[in-house]
Amino acid sequence: MAQRRSYQFGSGLFILLGFAALAYLATQTTSIANFRQGDSYTLKARFTNVGQLKLRAPVKVAGVRIGSVESVDVDPSKLDAKVTLSIDKRYNEIPDDSSAAIFTSGLLGDQYVGIQPGGSPEMFKEGDEFVLTQSSMQLEDLIGKFLVNGSPSSKPADAGASGDHPSEPANPSSSKP
Amino acid sequence: MSAQPKKGAFSGIADAIVQVGACSLFLLQVLAAIPASFRHFRETVRQIWFTGAMSLVIIMTCGLFVGMVLGLQLYYVLSIFGGTAALGTVVSLSLYRELGPVVTALLFAGRAGTSITAEIGLMRATDQLSAMEMMAVDPLAYVAAPRFVAGVIAMPLLACVFNALGIFGAHLVGVSWLGLDNGTFWSNMTSSVDVWKDVINGVWKSVAFGAVVSLIAVFQGYTTAPTSEGVAYATTRTVVFSSIVVLALDFVMTAFLM
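From first to last, the protein sequence lines stand for chains C and U.
According to this note's numbering, the first sequence holds residues 37 to 213 in order.
According to this note's numbering, the second sequence holds residues 421 to 678 in order.
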């Protein structure tokens, strides 16, 4: 009897250890570790070009993650990209004149949505939309412009470089966070 | 079978086909016997203890060393490209997707598969299986199915333990010895490893490998020639066949699970 109990104890311990290892691998070493989704609210933003923005890409303010990209769709009538951002409830004091831009972490890293806070006393509420957005920087366009004549000014700013608001032609330094 | 004289290549191929067919039919028999084996649930638990819990030491030791070696080798290779920050990512992806399931399956075949074959082979050689049939105990349900089920349950758990220790070993080498930044190691890993595509993918692989290895082990023991030489051959064949099938199946599964 004692021996039977000992092997039952042993296999129980083994199975617990195995599942503990699986849980550790699944939660601590994967993207789930970055994915503590508490209560959140959604904001929308339109971009003319989202580049390589992926679902669950981080949304950052001042470089700190405050939420993630929930969906990326094409608006069938306007034919621009409609990005839904899911923001942590704790950060509910984002001024409603803030602007959203798509940045790249590092030169060739993943893309994320960066929010530049504005100065309005009104705050964003659930479902609000960013008025000011800036699309992702297309590295190929930049290289193309510099290859053609060394100066970006001769070519009108188009598709990749500007968003809803008229911005100056692509400025390479702003692609770095 | 092994005692037969050589009859040329054709009969060799025919023998191999016969083996494959017999093994597949045996798989169906074992699967059919699994419901009946629930009456001998204690036996299944004892087999999980024997094939799983008793294999932990070797699995953990090997996992630790494989992780440490990966840490050293990949650190060297990545440093050529100036990309040592990706060490955690590369180690974890190669462990989860490939090395964890495969190395665990090979160790499992050596540690647990051989003893299953030898045990059942000796039962066959000493007519214990026939004696069970005489007592109206189905040896498929009492001997074969519990060992098969235990292998299928134990393998993924062992592979997970192997992976966890591998990550620990790589962390030990990369961060503690070679001075990588701890935060970089983990954050690069967590940002590029996906639960379903990487971790669960590896778990499916190890479930399949567990089924294959324990099926081959039980089959070889069950069909062994009832002599001491036959048991010796059967044990060897278990290791050889399991290794080949695991590596071949690994390629096929990788291609499908991409």
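Hints are computed from structural coordinates only; laboratory data are not their basis.
Everything numeric in this text was worked out from a predicted model, so none of it was measured.
Treat each hint with caution, since some may be false.
[Said to hold, decoys possible] Covered stretches of chain C (chain U as the covering partner; in silico rule of three or more C-beta atoms under 8 Å from a C-beta of chain U):
1. 45-51
2. 54-62
[Said to hold, decoys possible] Computed list of lysine to any residue pairs in SDA-like fashion (alpha-carbon distance at most 25 Å, straight line):
3. K90/C / F588/U
4. K617/U / L53/C
5. K125/C / G503/U
6. K96/C / A506/U
7. K90/C / T604/U
8. K90/C / L677/U
9. K125/C / G142/C
10. K96/C / C443/U
[As the list claims (entries may be wrong)] Partial list, computed: chain C residues near chain U (C-beta under 10 Å):
11. S67
12. Q88
13. D146
14. Q147
15. G155
All residues carry an ideal CB built from backbone N, CA and C; glycine is no exception.
Evaluated hints:
1. 45-51: With 5 residues closer than 8 Å to chain U, the segment 45-51 of chain C meets the three-residue bar; holds.
2. 54-62: holds (count 7)
3. K90/C / F588/U: 30 Å, violated
4. K617/U / L53/C: Holds, because 23 Å separates the two Cα atoms, which is no more than 25 Å.
5. K125/C / G503/U: 36 Å, violated
6. K96/C / A506/U: 22 Å, holds
7. K90/C / T604/U: 22 Å, holds
8. K90/C / L677/U: Judged against 25 Å, a Cα distance of about 21 Å means the pair holds.
9. K125/C / G142/C: Given that 25 Å is the threshold and the Cα spacing comes to 28 Å, the pair is violated.
10. K96/C / C443/U: 57 Å, violated
11. S67: Given a least distance of 6 Å, the restraint on S67/C holds.
12. Q88: Violated, about 14 Å.
13. D146: It holds, given that the least Cβ distance between D146/C and chain U is near 7 Å, below 10 Å.
14. Q147: 12 Å, violated
15. G155: For G155/C, the interface hint is violated, since the closest Cβ of chain U sits about 32 Å away, which is over 10 Å.
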